[in-house]
Amino acid sequence: MKRVPAVGSRINVTTDGQQVDTAHLGFTTSPHEECAVEEAAQIAERLDGDDHTVVVLTLGPEESTEQLRYAASVGGTELALVVAEGGLDWDPQRTATAIAKAVRELESDGGEFDLILFGNESADGGNFQVGIRVAYTLGRPIVNGIKGIDVTEGGIVARRETDAGYEVYELETPCALGVKEGINLPRYPTMKGRLASRKAQIAAFDCAGDAVAGGQARQRLHRPPERASTTVMLGDSAAAAPAVVDLLDELGVL
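Residues in the sequence shown are numbered consecutively from 1, following our numbering.
If you're looking for bench data, these hints aren't it; they were derived computationally from the structure. Just so we're clear, the structure is a prediction, and the values are computed from it rather than from any experiment. There is no bait here: all hints are sound.
Think about it this way: if two alpha-carbon atoms lie no more than 16 Å apart in a straight line, the pair counts; the simulated EDC-like pairs of lysine to aspartate or glutamate are:
1) 180 / 124
2) 199 / 66
3) 101 / 206
4) 180 / 161
5) 147 / 170
6) 180 / 167
7) 147 / 181
8) 199 / 78
9) 101 / 112
10) 147 / 167
11) 147 / 161
12) 147 / 163
Starting from the given sequences, assemble the full structure and let the hints guide the process.
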């Protein structure tokens, strides 16, 4: 999952054009990944939650513990933070390299994860790459754009929505999936969950030194120009009728 600026926030850029100015921003969990956490919790509950764990991992600054604890309040059973050093350009390849290393370290203690869920894409970068790169690095199959998941004796059945209906994929575990918003309706945390999340332990991984940057390089961030709209009153009586006709003619309606 990923910590991102709250959806709908006004995003400002630092004067050097290299970073987002976070001084007055609120943060939340990227919506696709929020649904991925919920889906993981539901799968664990259907399979008897006492025997299945939901490990929630994020890469980001120390402040990302806020989103991890929220995940713990809605079904996450173990939490992991890959600390992202400031000053580095965390492009998709660097991010995926660090996450894959952390996953391997987690699996060295408890065995391979049956299923790794990613958000289809993050709400801020929208690169559509990290999940695929991590799965490739780990040597596991992955399908993106998933809107339905069923666990079978033979593995995982995943459904991807298309204009003509659904594509159905059968994958053997261990595997990975990229989940889209709308696969479920994320639950709200209970007071009990909130209180328990405060005590949850967070495993920290420092993988920045092993994270290899890709060929992409950030040049500059900039805000798009503001779009100003104006309203022109054509009149409030029958005298405005000719102006209305002229406008419709200009728009090609007549």
